[in-house]
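Visitor: So the protein lines, in turn, are chains A and B.
When we follow the working numbering, the leftmost residue of the first sequence carries the number 1, and every step to the right adds one.
When we follow the working numbering, the leftmost residue of the second sequence carries the number 115, and every step to the right adds one.
Hints may be right or wrong, so weigh each one.
Unchecked claim - Some chain A residues near chain B, calculated using beta-carbon distances under 7 Å:
{"no.": "1", "residue": "Ile51"}
{"no.": "2", "residue": "Asp59"}
{"no.": "3", "residue": "Gly63"}
{"no.": "4", "residue": "Tyr101"}
{"no.": "5", "residue": "Phe105"}
Stated by the list, open to error - Okay, derived cross-link-like pairs now, BS3-like style, lysine-lysine, Cα gap no bigger than 27 Å in a straight line:
{"no.": "6", "chain 1": "A", "residue 1": "Lys9", "chain 2": "A", "residue 2": "Lys83"}
{"no.": "7", "chain 1": "B", "residue 1": "Lys140", "chain 2": "A", "residue 2": "Lys57"}
{"no.": "8", "chain 1": "A", "residue 1": "Lys14", "chain 2": "A", "residue 2": "Lys71"}
{"no.": "9", "chain 1": "B", "residue 1": "Lys151", "chain 2": "B", "residue 2": "Lys169"}
{"no.": "10", "chain 1": "A", "residue 1": "Lys71", "chain 2": "A", "residue 2": "Lys9"}
{"no.": "11", "chain 1": "B", "residue 1": "Lys151", "chain 2": "A", "residue 2": "Lys9"}
Said to hold, decoys possible - What the simulated footprint calls covered on chain B by chain A, stretch by stretch (three residues with Cβ under 8 Å from a Cβ of chain A suffice, anywhere in the stretch; the number is not a length):
{"no.": "12", "region": "143 to 157"}
{"no.": "13", "region": "204 to 212"}
The set of hints was computed from the structure by calculation and includes no laboratory data.
The C-beta atom is built at its ideal place from N, Cα and C for all residues, glycine as well.
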Amino acid sequence: DGGITQSPKYLFRKEGQNVTLSCEQNLNHDAMYWYRQDPGQGLRLIYYSQIVNDFQKGDIAEGYSVSREKKESFPLTVTSAQKNPTAFYLCASSIVYGPEYEQYFGPGTRLTVT
Amino acid sequence: QQPVQSPQAVILREGEDAVINCSSSKALYSVHWYRQKHGEAPVFLMILLKGGEQKGHEKISASFNEKKQQSSLYLTASQLSYSGTYFCGTEGYGQNFVFGPGTRLSVLP
């Protein structure tokens, strides 16, 4: 079955530690995205990547880093520089084929930093 | 600039219709619509790319008025499964994609 995998579902870390969230897709989608969602709010774009070895900052990239070494994988590192890292992190991928557009989200990782 | 969604919340009885609006102060070239159920990831519903474009599947459809910089999502003959928070996402010229704050829809039996 094709889809997006994010692991783990829940993650707990101490303040000051870097943590890497994984995102893998087997949909053969070109573009991948990382979003952050805080309780009762919409999603905010952290980083996105249209092709391998290239990525762009979203609106809230400070304190985060990404890599895109393979088409299938787009890991997100939450660094100790991120002031309020506790949030629900969602990875997504998308593809345009002809006039159609398709986008899927992974199940998300809930990160708690204390 | 985050788009504005209205209403913030709506309660319906099964079978009733609803309209959710999304408007932006910036010129747009695409609008996306999503539904998110509590505790789950959002699900992409549709994208509208052209001014005046209308799209839909089953009883959920949307329109995009490029001149007015707004889009509307239409839910007809609502079902219990339509409950959730609906987000629009907009992309403008020279801007990153940005989500609206969401509209919470509750469908009661």
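Visitor: Indicate, hint by hint, whether the structure satisfies it.
Guide: Right, here's what the structure says about each hint:
1. Ile51: violated, 17 Å
2. Asp59: Holds, because the Cβ-Cβ distance from Asp59 of chain A to chain B comes to roughly 6 Å (cut-off 7 Å).
3. Gly63: Where the cut-off is 7 Å and the nearest Cβ of chain B is about 17 Å from Gly63 of chain A, the hint is violated.
4. Tyr101: With a closest approach of 5 Å, the Tyr101 of chain A hint holds.
5. Phe105: Holds - the Cβ of Phe105 of chain A comes within 7 Å of chain B, reaching about 4 Å at its closest.
6. A:Lys9 x A:Lys83: holds, 22 Å
7. B:Lys140 x A:Lys57: OK: Lys140 of chain B and Lys57 of chain A at ~20 Å, within 27 Å.
8. A:Lys14 x A:Lys71: Violated, at roughly 31 Å.
9. B:Lys151 x B:Lys169: holds, 22 Å
10. A:Lys71 x A:Lys9: holds, 22 Å
11. B:Lys151 x A:Lys9: holds, 17 Å
12. 143 to 157: Result for this restraint: holds, n = 5.
13. 204 to 212: holds (count 3)
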